[in-house]
Amino acid sequence: MAYYVDRNVKMTWWERSYIPEILRGMMITSRHFFKNLFGFVPFFLGKKKDREIFTVYYPEETMQFPIAYRGRPVLALGENNLPNCVACGLCEIACPAYCIDIIPGENSGKQNEVERYPVKFSIDYAVCIFCGFCEEACPEEAIFMSDQYDITMLDRKKMKYEMEQLLVPVADLKDRMDFCRKMYGKWNY
Amino acid sequence: MWIDLAITMVKILFILTITVGFFAPVLTWVERKQSAIMQDRIGANRADILGFTALGLFHIIADALKMFTKEDFIPQGANRALHTLSPIIALVPAIVTFAVVPFGGQYMLWGKEVSLVISDLDVGILFVFAISSIATYGYVVAGWSSNNNWSLLGAMRTASQMISYEVAMGLTIIGVLMVYGSMQLTEIGAAQETGYWGFILQPVGFVMFFTAAIAENKRVPFDAPEAESELVAGYFTEYSGLKFGMFFMAEFIEMVTIGAIMTILFFGAWHIPFLPTATLLSMFDFLGDDFSNLVVMLIHVGVFFGKVTFFIFVQMIIRWTLPRFRYDQIMKLGWKVLLPLSLLNIVGTGIVILLF
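Those protein sequence lines, which keep their order, are chains A and B. Under the working numbering, residues 775 to 963 are what the first sequence spells out, in order. Under the working numbering, residues 1470 to 1825 are what the second sequence spells out, in order.
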C-alpha cells in the first residue's frame, strides 16, 4: 500500500511559534551529543560498548559477521592433513562464473584412501561472484564460504588462489559446517 | 606613549591569535567532530602523526596544507581582479569587528590602567554593524566575478538576505541600547556587572538578535546563499585553494564575532554572576595589588571566551539540528516576523522604561 505524506498538518500555535520546537530539536541533538561524548571518550581507554556509534574503524576493527555471511570460498583441510575434496567437479559445474578450475588426479586405490584427489584446485576471486553454489553443490563438505571479504590485490593475476592458499583446517569451519548441514540438509537422508 | 602603543600591539596580536590562530582552525575540526558525534558517527580521525591521531586534531594541519598547496583556479571569463579581491573583502571585516569588542574590563597593572579593548569607540555597536555590512560586498562581488550562474544566484540571495536581516538585527538591539543607555560596548559590558544581564531585561531581543545574527552569517537554517543541494556552493562555487579558505575562515570568525557580541550585549560580558570585580579582587588580595589585578584580568578574559565558546556551541547545535529554510520562508521570517516584533519590542521597552 502506498504511503501518503499528509502535507496539510494543522499545527497548534505552540508549534507554529518556532522557538519551543527548535528547542526540542536542539534537546534531541544535544542528548545524542553528550551521550556519545561520554561513551566516546572512554573508547580510547579501551572501552567499546558504551558508545552508540555504529561506525567501524575498518582496518583496525572488523565486524563480526553472522554465520550465514558468504565471504570468499575456501577448501576444507581434513584431519588427516589431506583436502576433503575428491575432485568430482560438481562445484566447477555449479559455478555460474566459471571461476573454479580443478585438475583431478587418481590414487592407487589402496584401502583407507580416497580414489580421486585434486592435483590442482584454483579459484579466481576476480571472477567469483560469492553466490555460494559451490558450497551447496559439494557432496563431500570440502568447500565452504568463509567470512573474509577483503581480497584486494594490485595485480589481477594474484587474485587467482591456488590450493595451498585455499586450504583451511576443518576445525576452523565447524560453525559454517553446522550451518550448511542445517540449511542444505545434505546428510539428512 | 610607547607603552600605550606596545599595549595596543599586544592586544591586537592577542585578538589575531585567538581568532585567526585558534578559533578559526579549531572550529573547522569542531564542526566535523561535533556533528559526527551528534549524528552517532565517529568523524575525522584519520590524519595521524607517527600513529598518534589526537582525536583528529591533526586534520587542521592537513587542511591548512591542502589549502596552501591547491591550485588557485580562476575560471575563464571571470573578472580576475575582483575575483581575487572579494575573499579579502569578505574576511577582513570579520576580523576588524574585533577592534571594538571588549574582552575584559579596566585593570590597574603596575601603575598603568589597561583597558582590554583595542579601540574604545563611542559608537561601538554601530561600528560593528557598519563593518559587518561591508562583508556583503565581498560575497556579492565574489558571486558576480566568478562568471557562473550558480555563483550569481548565490550572490543575489546573499544580498537580499543580508540586507533584510540587517534591518531586523539593527532594530533588535535598540532595546538593549535603551536599557543600558549607551552605544559603547565597554559601558554596556560594565553595566552588567551589578545590574541584570541583557537576556533577562530583553528576552525577545535576545532570541531575535540571535536569529538575525545566524542569518547574517548565512549558517544552516539560513544558508540559502550557499545551499549545497541547490546551488553547488553558492557564491564561492568557483573558488579553490587559499581563497576558498578565506571564505571558510570568514564564516568561522564571524561565528566568534556573533558569540562575542551576544556575550557583551546579553550575557554579562566578562562578568561572573553575583561576583563583582571588587569582590573578586579582594579574594586575591594576598597576591599584592598588581598580581591580584593580573589574576582577575586573566579570569575575566577566560570567562569572556568561555561564554563566547558557549554561544559558538549553541550555533553549532542549531546548525546540525534544523533543516534549511526555503528562500521565501527566509524572507517572510525576516520582514513579516522579526521586523514587526523588533518594533514592538522597542515600543514595549520604551513604555516600561517610562513607567518604572
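Errors might be hidden in some of the hints.
Derived BS3-like pairs: lysine-lysine, alpha-carbon spacing no greater than 25 Å straight-line [unchecked claim]:
id	chain 1	residue 1	chain 2	residue 2
1	B	K1805	A	K784
2	A	K784	B	K1801
3	A	K894	A	K934
Computed from the model, here is a short list of chain B residues facing chain A with C-beta under 10 Å [claimed, not checked]:
id	residue
4	I1787
5	Y1796
6	M1800
7	L1802
Pulled from the structure, derived: some chain B residues nowhere near chain A, Cβ distances all over 12 Å [what the hints assert, rightly or not]:
id	residue
8	A1505
9	D1509
10	S1633
Because the hints were derived from the structure by calculation, they are not lab data. Predicted model only: the values in this text are computed from it and were never measured. We put the beta carbon where it would ideally sit given N, CA and C, even for glycine.
Starting from the hint list further up, note which numbers the structure goes against and sort them upward. 5, 6, 8, 9
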